[in-house]
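J.: Chain by chain, the residues run as shown.
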Amino acid sequence: MSTRPLETAADPEGLRRIAIDPLSRVEGHGKVTLLLDDDNRVRQARLHIVEFRGFEKFIEGRPYWEVPVMVQRLCGICPVSHHLAASKALDRVVGGWPVPPAADRIRRLMHYGQIVQSHALHFFHLASPDLLFGFDAEVDRRNIVGVAAAFPDAARQGVMLRRFGQEVIRITSGKRIHGTGSIPGGMNRAVDPAERDALRAGLPQMLDWAQDAVTLARRLHENLPARYAGFADTPAAMLSLVGRDGAMELYDGVLRLREADGRIAIDGFDDQRYRELIAEAVKPWTYMKFPYRRSLGVDQGWYRVGPLARVQNCDFIPTPRAEEARQGFVAAHGGQPVHAVLATHWARMIELLHGVETVAELLDDPLILGGPLRTEGPRQCSGIGIIEAPRGTLIHEYEVGDDDLVTRCNLIVSTTHNNQAMNEAVRAVALRHLDGETITEGLLNHIEVAVRAYDPCLSCATHALGQMPLAVSLRAADGRLLDHVLRSPGGELLRDAPAHAAETAS
Amino acid sequence: MSAVDPTFDLDGQPVPLQPGDTILSAAARAGLDIPHLCWSDEVSGSASCRLCTVLADGRPVAACVTPAVAGQKVECRTASLATQRLRLLQMLFVEGNHFCPGCEKSGNCVLQVQAERAGMTALHFEALNPERPVDASHPDVLFEPNRCILCQLCVRASDEIDGKRVFAIGGHGIATRLLIDSPSGRLGDSALSVHDRAAHICPVGALLPKRVGFAVPIGRRRFDNEDTRG
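Heads up: the sequence lines are chains R and W, in that order.
For the first sequence, the working numbering assigns the number 1 to the initial residue and increments by one for each residue that follows.
For the second sequence, the working numbering assigns the number 1 to the initial residue and increments by one for each residue that follows.
These are computed hints drawn from the structure, not numbers from a lab.
Among the clues, some could well be false.
Unchecked claim - In silico BS3-like links for lysine-lysine, alpha-carbon gap of 27 Å or less: (1) K283(R) <-> K57(R); (2) K210(W) <-> K57(R); (3) K164(W) <-> K210(W); (4) K57(R) <-> K289(R); (5) K210(W) <-> K175(R).
What the hints assert, rightly or not - Some residues of chain R that are not near chain W, with every Cβ distance over 12 Å (derived): (6) G174; (7) G179; (8) G181; (9) G371.
Unchecked claim - Some chain R residues flagged as far from chain W (calculated, every beta-carbon gap over 12 Å): (10) L220; (11) R244; (12) G297.
In this text, all values refer to a predicted model and were calculated from it rather than measured experimentally.
C-beta: ideal position from N, C-alpha, C; glycine also.
Whenever a hint applies, use it, and build me the whole structure from the sequences.
T.: As structure tokens, this is what we get:
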């Protein structure tokens, strides 16, 4: 389905404007605007990121050894991704790449712990209410509290899986959130045997629950109402790291890009050369950039990252249960490429299972208990670190002066890679489900469901957290306010509340 | 301690004195904590931070420079002094740029731990957000003036221990700043060595040996406790 004409209306004057501002149950602050003509046909649909992105600038002038800790504050959900991507980039600067084997294992352990906790958080806390109750279910049920009341076992398993992942992060970084374990050239700590044993004890249960999560995600996907067949189906190329053997690889690998039709376009691409592959474009109506493949240009070169891309991009998953689940995913779709955005939840739970299995393997590795943890070599003036964060490919790049201060920083976060793909999903849903319809809260939530499937971390791209009410205004062609609906944080719909300040923005 | 050793009273506890003791040095030797930032037993007192202000027989004095007197009644833990210390710490925070989450001194920082002990949970005053460029010109020592609290410990260590007098305090009022004795005013042109005591005595993250960063893990830092054991 081509949705491109909806990016910019040919003549926006006189069109009605609807704003979903801010989006809820996503991490960070964004909004969707729709412009409708007099026949209620959608003429423009945009996902805007309304906050300014500042980390790239204020990292400049800071000593490089601060950076892996400082950049974690980009995010409260996946700080480990930034911690490790920055560390990998700065390993190169201090001549410490590759890091000693023990440090490599401990970093991997930290990273896969994060995959578990972040994926559990997204599926159970943020996305499952839509899937379990329906996109247009009553607002007061469509949250984690509603899930806990109606599906207590699933809610509890989600909370406990996340807790398990957080504990893995704590024993490797010193804190559940924003630790300091990884440093340029290696690690500052090994794993304490007693803490390892405590985590090991919980593994059988975690593996079972992770397996259950895959089953649940698959069942919810396959049982979606017929009207959601092809929901937000947006064919896109798929980018991710993979291992040199084609395995799913989330910590360190080579870049692979697969076309939307399933053909591999680029493989074994050295991550240090990413700039030959990707460029970034800007548009005047959003603070988030639009990465694209240089070879295809900004209009044709967009792509998708994240679980849906990774599960299809790899040749296999190197852990048995997750590989079996991946094969089930492929078989269920007849071996054809999958671009249905809601299938991302299924793919995400396959990755969660892979995360738990990998944590189990690493906890059995004696290297995590100690040995040389740090190395250095000839100093370099720049470094690139690429990692597969829970939401997709994450790129950190730094240049460091002779005085040890960072002179340049470039961050391309997962959500930024998915910018165009999310916009396309918004347009697909707007055309399919809202075109010509009367506004209802449930219909607007359809758009949020599509964006939410990407698990966007808008604060990674913009660095701001916001409250999560929802305000929608309906204006006549002459600009008069016809209707304004405010959804309070408690879920109430208020019709006489004053218009949201942001509603007057573009 | 013999029965005739002189003592003074600190919040109801007898503290033995020795000749030349200040209230703070005697209390520290006895294992009693009087909050302080700018005092160290390695250098002379300067009474610059005033966090150690106590009431000596009812009169406010800086414990770090006030001689201990036998029989004196010293009050440290009063509600009024606690409020005063809290405000003083909050003013130090807003006068600089103290971002503990990204600071390598976190867990080893005297300002941070004093603020925590004082129960500081907010800045209270409006942050001044000064613009102070980092001086990374020295090959082995970083000067981060945004974190300098003008305690003068580096000034005294360079003078009294290193015999170099690399640092001094200049300017007035809110413009007061640490001066570096070099033709350019930058650390790289000074006589400071990373082996000098002055390069290591900073209680905050203003003067730091380079390329150490977060080498010490959470749980093994100076002020880590059960809550921060990692």
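J.: Checking each numbered hint in turn, tell me which of them this model violates, lowest number first.
T.: The structure conflicts with hints 6, 7 and 8, although it agrees with all the remaining ones.
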